[in-house]
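**Student:** Sequence:
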Amino acid sequence: MVVTNVDVQAVYRKINEKLQFLVNKSVNHNRQQSSELEWCEKKKELAAKRKAEIVKATCLIKWPKQIEDEATVVDYLCDYRLLYKQGDFLYIEEIGEERVAKFSNKGHLISDEVKLKDCFHKDEEDDWSNEEWHGKDERVSFQYDRLKSVQYAERWWNSRNPNYPYFDVNCTNYVSQCLRAGDAPMRGYPNRSSGWWLANNNWSYSWSVAHALMLYLSTSKTGLRAEEVSSPELLKPGDVICYDFQGDGRFDHSTFVVAKDKSDMPLVNAQTSNSRMRYWSYEDSTAYTENIQYKFFHIIDDNEDS
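Residue numbers (numbering that gives the first Met the number 0): 0 to 305.
Treat the hints as calculated values from the structure; they're not laboratory data. Here a beta-carbon is modelled for each residue, glycine too, at the ideal position from N, C-alpha and C. One thing to keep in mind: the hints can contain errors.
[Claimed, not checked] Capping the alpha-carbon separation at 30 Å, the derived lysine-lysine pairs in DSS-like fashion look like this: (1) Lys48 / Lys220; (2) Lys17 / Lys50; (3) Lys84 / Lys220.
[To be verified] Label-pair distances were calculated between CB atoms; the ranges are: (4) Ser140 / Asn23: 35 to 45 Å; (5) Tyr90 / Leu115: 24 to 34 Å; (6) Pro164 / Lys84: 38 to 48 Å; (7) Glu289 / Tyr188: 38 to 48 Å; (8) Asp263 / Glu153: 14 to 24 Å; (9) Lys147 / Glu112: 32 to 42 Å; (10) Glu40 / Ala198: 38 to 48 Å; (11) Asn23 / Lys261: 35 to 45 Å; (12) Asp144 / Tyr188: 16 to 26 Å.
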């Protein structure tokens, strides 16, 4: 039975306030919205820093097909589309947001919040922190198809490929899938602390854990390998960025470069907090701190050895 007394319109009003705030200098809003409007303000500030502006914002809300009549907690999805104008350059950033709305027994909205996730596999952290990731130096031929990798990143940024495992913290698994779609060769099976691979319902730590992928890309001399570059404008679509939000030496997040903006800076796709064509720096993220550290990896192959 579908609930008829739940005030879903209150949710629509909240989301609409966010959309209005994104494209206008100010709107009337209540204090309950302050934290999420702070997110909007970060988006606007980052755009201004890049000499860009958000000129249009829309959101598609996806409710469950059926809400039981006893339910007071409802999980739902928001798909945002933000149109940016940067000089004569236009592009759309997309955000897939998982949210939870809580209602009273009478159907009044009590709270409506983003379902936040950690960016780190804490259950595996102690198993690989001191491992060598380059493995044996056997030769593995590799020609990277950047177009195919970006096409994959665009196809799956906000959904799950059933041919792969899925994690609550899925950022690095998603990046690994994108690399594999570009014909990156796997090696190291069955040692989870060696190489980069997925096989027989198992995978290396470097396939699914952000810090482990960073270590692998920093040291690999054969097969999938990369050159660490000094600045983001040196990256191309098909490359990888790793993030240490706290600046404590432990990398928490991975993204995949899919395009460049008007200033030749990367725009990235990512999962866990699903996003498409997001500006690379993550200064608009709740995880961002002034201590953040980045590593920029340009994927190289037999045609482009460093």
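**Student:** Work down the list of hints and note, for each, if the structure agrees.
**Tutor:** Taking the hints in turn, this is what the structure says about them:
For a cut-off of 30 Å, the pair hint linking Lys48 to Lys220 is broken: about 38 Å separates their Cα positions. Restraint check for Lys17 and Lys50: satisfied, since their Cα atoms lie roughly 22 Å apart, inside the 30 Å limit. A C-alpha spacing of about 41 Å is found between Lys84 and Lys220, which places the hinted pair above 30 Å, so the restraint is violated. Here the CB-CB span from Ser140 to Asn23 is close to 54 Å, at odds with the stated 35 to 45 Å.
Checked against the given bound of 24 to 34 Å, the beta carbons of Tyr90 and Leu115, roughly 27 Å apart, stay inside it. For Pro164 and Lys84, the hinted distance range of 38 to 48 Å is satisfied, since their beta carbons lie about 39 Å from each other. For the hinted restraint 38 to 48 Å between Glu289 and Tyr188, the CB-CB distance of approximately 40 Å keeps it satisfied. In this structure the hint that Asp263 and Glu153 lie 14 to 24 Å apart at CB holds, the actual value being about 20 Å.
Under the hint 32 to 42 Å, the C-beta atoms of Lys147 and Glu112, about 38 Å apart, fit the expected range. Between Glu40 and Ala198 the beta carbons are some 45 Å apart, a value that agrees with the proposed interval 38 to 48 Å. At roughly 23 Å, the beta carbons of Asn23 and Lys261 sit outside the given window of 35 to 45 Å. Here the CB-CB span from Asp144 to Tyr188 is close to 22 Å, well matched to the stated 16 to 26 Å.
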